[in-house]
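*Asks:* Generate the whole structure from the sequences, applying the supplied hints.
Here the protein sequences line up with chains A and B, keeping their order.
Using the working numbering, read the first sequence as starting at 1 and increasing by one per residue.
Using the working numbering, read the second sequence as starting at 469 and increasing by one per residue.
Derived by calculation from the structure, the hints in this document are not laboratory data.
Note that the Cβ used here is the ideal one computed from N, Cα and C, for glycine as well.
Per the computed footprint, the stretches of chain B lying under chain A, defined by three or more beta-carbons under 8 Å from a beta-carbon of chain A, are: (1) 477 to 486; (2) 493 to 500.
Anything over 12 Å on all C-beta distances counts as not near chain B; from chain A, calculated: (3) 48; (4) 62; (5) 187; (6) 245; (7) 330; (8) 355; (9) 361; (10) 376; (11) 385; (12) 436; (13) 451; (14) 459.
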Amino acid sequence: MQNNFTEIQNFNIEPNKQIWVDIEKQLPPEKKRRIVGWWWRVPILLSLAGVGLYNHQYKTQINSIVENQNKINQFTKNASQTDHKKVALDSKKNALNVKQNIEATANSFSQSKAEVSLKKQWQSQPKQSHKKVNFLQANTTLVEVNKAVTNDNNLSLKLSKNVIGKQVKISKLKSNNNLAKAEENYSKIESKVFEIESKEVEKFGKKNNIDSAKKNNKSILNSTANNTSIDSSLPKIKISIPKKISWHLVAGFGANYVSKNTIVPNFSSETYAASPQVIGVGLSGGLANYNNKVLALPQTGFAGNVGIKGKYLISKKSALLFGLEYNFLQTSLNVNPLPIGDIFDIGNMQSTKNIFHLLSVPISYMHCFTPNKKYKFSIFAGANIDFAFAQNSLFINDNLGFYQSNTTNKFNTIFGALHTGISINCNDKFSVDILAKKYLSAVQKISAIYYWQQVNVQINIPFATFKK
Amino acid sequence: METRQLVKNCIDNNRQAQQQLYAMYASNMLGLCYRYTKSLHDAEDILQEGFLKVYSKLHQYKFEGELGAWIRKIMVNTALTYINKHSKYKHNFNINNLALHPIETQQPDINVNIKDMVECIRKLPTAQQTVFNLVAVEGYNHIEVAQMLQTNVNTIRSQFSRGKSLLIKIIEDENILTNNLKLSS
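*Replies:* Right, here's the structure in full:
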């Protein structure tokens, strides 16, 4: 008997649609997934790519610096050794010349006079001159190497301040070391040359020897002078440290429009559940409807902003932007003011305006692609927190009555937004931004739900700059 | 959507999935609730309460049996709780007060339309209606039903036997015999 009765399990009764509505009412509210359009991922990806690129470049720079520093060390070492040898050879040459002169004319002057004279000359001139020559040559070498590095991918200019400071410090240390070594070497050379000279003078002791020595020493002095002039003619490397913080006046205007139009309020979830296809969530073009009759038709409006903006240069290519702005948003809506139950007629619509006044705090990251050009092209992306301190907007209550309201508690006062855009800086005089902004917070707390989107053109004029 | 995914979405409070689950089982479960009650309105109340329980306890479903059977169990328990709680059913649901014994009768083979049979079951006194539904329709044995209703097995046997006899009498009185359902002893 039981087996037969189990067929009764298949007995079905189609439930009233109201039951689901009642169930849905008692279910915990569904978390609304805020779907950020795919195009908002673009600036995020660009920002991440920018940061990645910056890190890569920074590492490359560090490697280049190390490599170049090794080159500098090697080059300086070789140059220093070459200089020492050259000077020593020159000195030997001079000494040999002196010897030849002495041999050719040799006879008359007393040994002591010649000795004293030569000593004076060598003590007064070559020591300082040689030291100077060596120092200048060492510096010249560094400058040449730095110049080569600069020309090669302009690396020196890409260095951050700390890295540059480190390099300069290292270069100075190298110079000091070279100077000390040069001094030591030259004192040895000097003493050696002086020894040769003394011996020669001692041997021949002629007056002409002194003239010849004078002549030779003069040529050394001239050579020193020539070296000095070479140094002064060398190109100087300017290392410009970026300006750290600059303040800008910002003013802009643009279009504001409603992106997600569900002005059909959630006043009646049961009605929606019963026949979701009837209410709909807004037709294409942002047309909201109820029972296929138009409720409200949002239009584009005006958006304006004015404020100040700080630009903190992290490096030559990247900057952090932050500011405080006043935003004015106005959206026009065509509204059918008839209450529910009456016929909604699209031809009978009246126009109204939603106006919001907001204080906005934007923060964004900017990446510059052409930092050394006159016109600097950058992209930026970031977020805002906006506070609405006054508004007068269309409001739709739970009974579908439309009215204009400035009651604060009907609307959200804190809005989150994302923004992205491009910026063209004209020789640091001013910059022009094209900015797209999307609000993530709905305009109204209940009933009508819609989100703003903006496209703005704004001009930034720097008025104060602080260097670190 | 696959059952596993559907359940997961329901647990995640996805309204669309919850609605889909409801659409899949609501009509059958309302039929079940209807058999345990005296009015459609009460059956709808049980259905609503039952589905809320289903959604809240869905995370306990281990995919070991058919989802429909699991929901059915919850609905039966909800129906029992409901008729135990409401006075109009409690008045008749006095199994413990009855000293009943099974009635041994020779029952003829009868054929009844399912819908008519359900209506006839609903005409039984609440206690017999409940026991008959649990034993004959849901397929629980007497011991299980005794545990569910917190009474002894003999009482269940008596109620079932009496209910069955009364049901045959109602069917005969109503003159609704057809060839659709064969009722044999």
